[in-house]
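Asks: What follows is the residue order along each chain.
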Amino acid sequence: AQTVTQSQPEMSVQEAETVTLSCTYDTSENNYYLFWYKQPPSRQMILVIRQEAYKQQNATENRFSVNFQKAAKSFSLKISDSQLGDTAMYFCAFTHGGSQGNLIFGKGTKLSVKP
Amino acid sequence: DVKVTQSSRYLVKRTGEKVFLECVQDMDHENMFWYRQDPGLGLRLIYFSYDVKMKEKGDIPEGYSVSREKKERFSLILESASTNQTSMYLCASSPGQGGYEKLFFGSGTQLSVL
Chain A
1 AQTVTQSQPE
11 MSVQEAETVT
21 LSCTYDTSEN
31 NYYLFWYKQP
41 PSRQMILVIR
51 QEAYKQQNAT
61 ENRFSVNFQK
71 AAKSFSLKIS
81 DSQLGDTAMY
91 FCAFTHGGSQ
101 GNLIFGKGTK
111 LSVKP
Chain B
116 DVKVTQSSRY
126 LVKRTGEKVF
136 LECVQDMDHE
146 NMFWYRQDPG
156 LGLRLIYFSY
166 DVKMKEKGDI
176 PEGYSVSREK
186 KERFSLILES
196 ASTNQTSMYL
206 CASSPGQGGY
216 EKLFFGSGTQ
226 LSVL
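These protein sequences, in sequence, are chains A and B.
First residue of the first sequence? That's 1 in this note's numbering, and the numbers climb one at a time after it.
First residue of the second sequence? That's 116 in this note's numbering, and the numbers climb one at a time after it.
Honestly, I wouldn't trust all of these hints.
The list that follows gives simulated cross-link-like pairs (lysine-lysine, DSSO-like), each with its CA atoms no further than 30 Å apart [unchecked claim]:
#1 A:LYS107 / B:LYS128
#2 B:LYS185 / B:LYS172
#3 A:LYS114 / A:LYS78
#4 A:LYS110 / A:LYS78
#5 A:LYS107 / A:LYS55
#6 A:LYS107 / B:LYS172
#7 B:LYS133 / B:LYS168
#8 A:LYS78 / B:LYS118
#9 A:LYS78 / B:LYS217
#10 A:LYS107 / B:LYS133
#11 A:LYS55 / A:LYS110
#12 B:LYS185 / B:LYS170
#13 A:LYS73 / A:LYS110
#14 B:LYS133 / B:LYS186
#15 A:LYS107 / B:LYS217
#16 B:LYS133 / A:LYS70
#17 B:LYS170 / B:LYS217
#18 B:LYS133 / A:LYS55
#19 B:LYS128 / B:LYS172
#20 A:LYS70 / A:LYS107
#21 B:LYS217 / B:LYS118
#22 B:LYS185 / A:LYS110
#23 A:LYS107 / B:LYS170
#24 B:LYS168 / B:LYS118
#25 A:LYS73 / B:LYS185
#26 B:LYS185 / B:LYS217
#27 B:LYS172 / B:LYS133
#28 B:LYS128 / A:LYS110
#29 A:LYS73 / B:LYS217
#30 A:LYS110 / B:LYS172
#31 A:LYS55 / B:LYS186
#32 B:LYS217 / A:LYS110
#33 B:LYS170 / B:LYS133
Here are some chain A residues pointing at chain B (derived, C-beta under 7 Å) [unchecked claim]:
#34 TYR33
#35 ARG43
#36 GLN44
#37 GLN100
#38 ASN102
#39 PHE105
#40 GLY106
If you're looking for bench data, these hints aren't it; they were derived computationally from the structure.
Beta carbons are placed, not taken as given, at the ideal position from N, Cα and C, and that holds for glycine.
Based on the provided sequences and hints, a complete structural model is requested.
Replies: Following this line, the structure appears as structure tokens:
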């Protein structure tokens, strides 16, 4: 069975600093996808970034980037120049290539950005 | 932009009541999902549907059923609500092209069963 583990229940960072959220996963699949979703206090889940397992290059989206270590089954999220609006729950998620897109989520990391 | 609408933001029900949570999407998506979100447990998949009248159990289907009579609407049914079903329920949809596509989420229904 596939599992996703986020080992940091809560984190905080000063505005304008950089923070890294950790995620590890377990799977025997070769074709899979990894995602980071953000859930601000409004409760609206927003896709932050996604990575295809067969791509070696780490995905980036503006201030958000990932460190994808396939052999270690690690998928961390780096947020640069943190902003107050980045305060949210962050969920790491996994799905395999043969799925209908149903995601397996980690337990989440609550990130607080402090002014 | 895709809109996924959940009929209620907050809902309070009594133990034993039959509860319907409704979800509607407006982009002709093939796939729809119901997740349950609990603090410290993340999101867990209850049921999903990849076509009208088709459904698949997720990781925690016990105590729930679903209905998808029309493509745009996916209902979650609690046949006899219990206090351990107090939770946030999130509906999502996706086009149905495969695993890489993103899910579009509703804003959630916070259900309290008393």
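Asks: Each hint needs a verdict: does it hold in this structure or not?
Replies: Hint check results:
1. A:LYS107 / B:LYS128: Measuring from Cα to Cα gives roughly 27 Å; hence the hint holds.
2. B:LYS185 / B:LYS172: Within the cut-off at roughly 19 Å; holds.
3. A:LYS114 / A:LYS78: Holds, because 17 Å separates the two Cα atoms, which is no more than 30 Å.
4. A:LYS110 / A:LYS78: Holds, at roughly 14 Å.
5. A:LYS107 / A:LYS55: holds, 25 Å
6. A:LYS107 / B:LYS172: Cα-Cα ~20 Å, so holds.
7. B:LYS133 / B:LYS168: holds, 21 Å
8. A:LYS78 / B:LYS118: holds, 29 Å
9. A:LYS78 / B:LYS217: holds, 20 Å
10. A:LYS107 / B:LYS133: holds, 29 Å
11. A:LYS55 / A:LYS110: holds, 28 Å
12. B:LYS185 / B:LYS170: holds, 13 Å
13. A:LYS73 / A:LYS110: Between LYS73 of chain A and LYS110 of chain A the Cα gap is close to 22 Å, so the pair holds against 30 Å.
14. B:LYS133 / B:LYS186: holds, 23 Å
15. A:LYS107 / B:LYS217: holds, 19 Å
16. B:LYS133 / A:LYS70: Distance ~45 Å between LYS133 of chain B and LYS70 of chain A Cα, so the pair is violated.
17. B:LYS170 / B:LYS217: holds, 20 Å
18. B:LYS133 / A:LYS55: violated, 47 Å
19. B:LYS128 / B:LYS172: holds, 24 Å
20. A:LYS70 / A:LYS107: Distance of about 21 Å is within 30 Å: holds.
21. B:LYS217 / B:LYS118: Measuring from Cα to Cα gives roughly 13 Å; hence the hint holds.
22. B:LYS185 / A:LYS110: Violated - the C-alpha atoms of LYS110 of chain A and LYS185 of chain B are around 37 Å apart, more than 30 Å.
23. A:LYS107 / B:LYS170: Distance of about 25 Å is within 30 Å: holds.
24. B:LYS168 / B:LYS118: holds, 21 Å
25. A:LYS73 / B:LYS185: violated, 39 Å
26. B:LYS185 / B:LYS217: Given pair LYS185 of chain B, LYS217 of chain B holds - Cα atoms ~22 Å apart, limit 30 Å.
27. B:LYS172 / B:LYS133: holds, 20 Å
28. B:LYS128 / A:LYS110: holds, 29 Å
29. A:LYS73 / B:LYS217: holds, 21 Å
30. A:LYS110 / B:LYS172: With Cα atoms ~29 Å apart, LYS110 of chain A and LYS172 of chain B stay inside 30 Å; holds.
31. A:LYS55 / B:LYS186: violated, 34 Å
32. B:LYS217 / A:LYS110: holds, 22 Å
33. B:LYS170 / B:LYS133: Given that 30 Å is the threshold and the Cα spacing comes to 20 Å, the pair holds.
34. TYR33: holds, 5 Å
35. ARG43: This interface hint holds because 5 Å falls under the 7 Å limit.
36. GLN44: holds, 6 Å
37. GLN100: At about 5 Å, which falls below the 7 Å cut-off, the nearest Cβ of chain B leaves the hint on GLN100 of chain A intact, so it holds.
38. ASN102: With Cβ-Cβ at 5 Å, under 7 Å, it holds.
39. PHE105: holds, 4 Å
40. GLY106: It holds, given that the least Cβ distance between GLY106 of chain A and chain B is near 6 Å, below 7 Å.
Violated hints, listed in ascending order, are 16, 18, 22, 25 and 31; each of the other numbered hints is respected by the structure.
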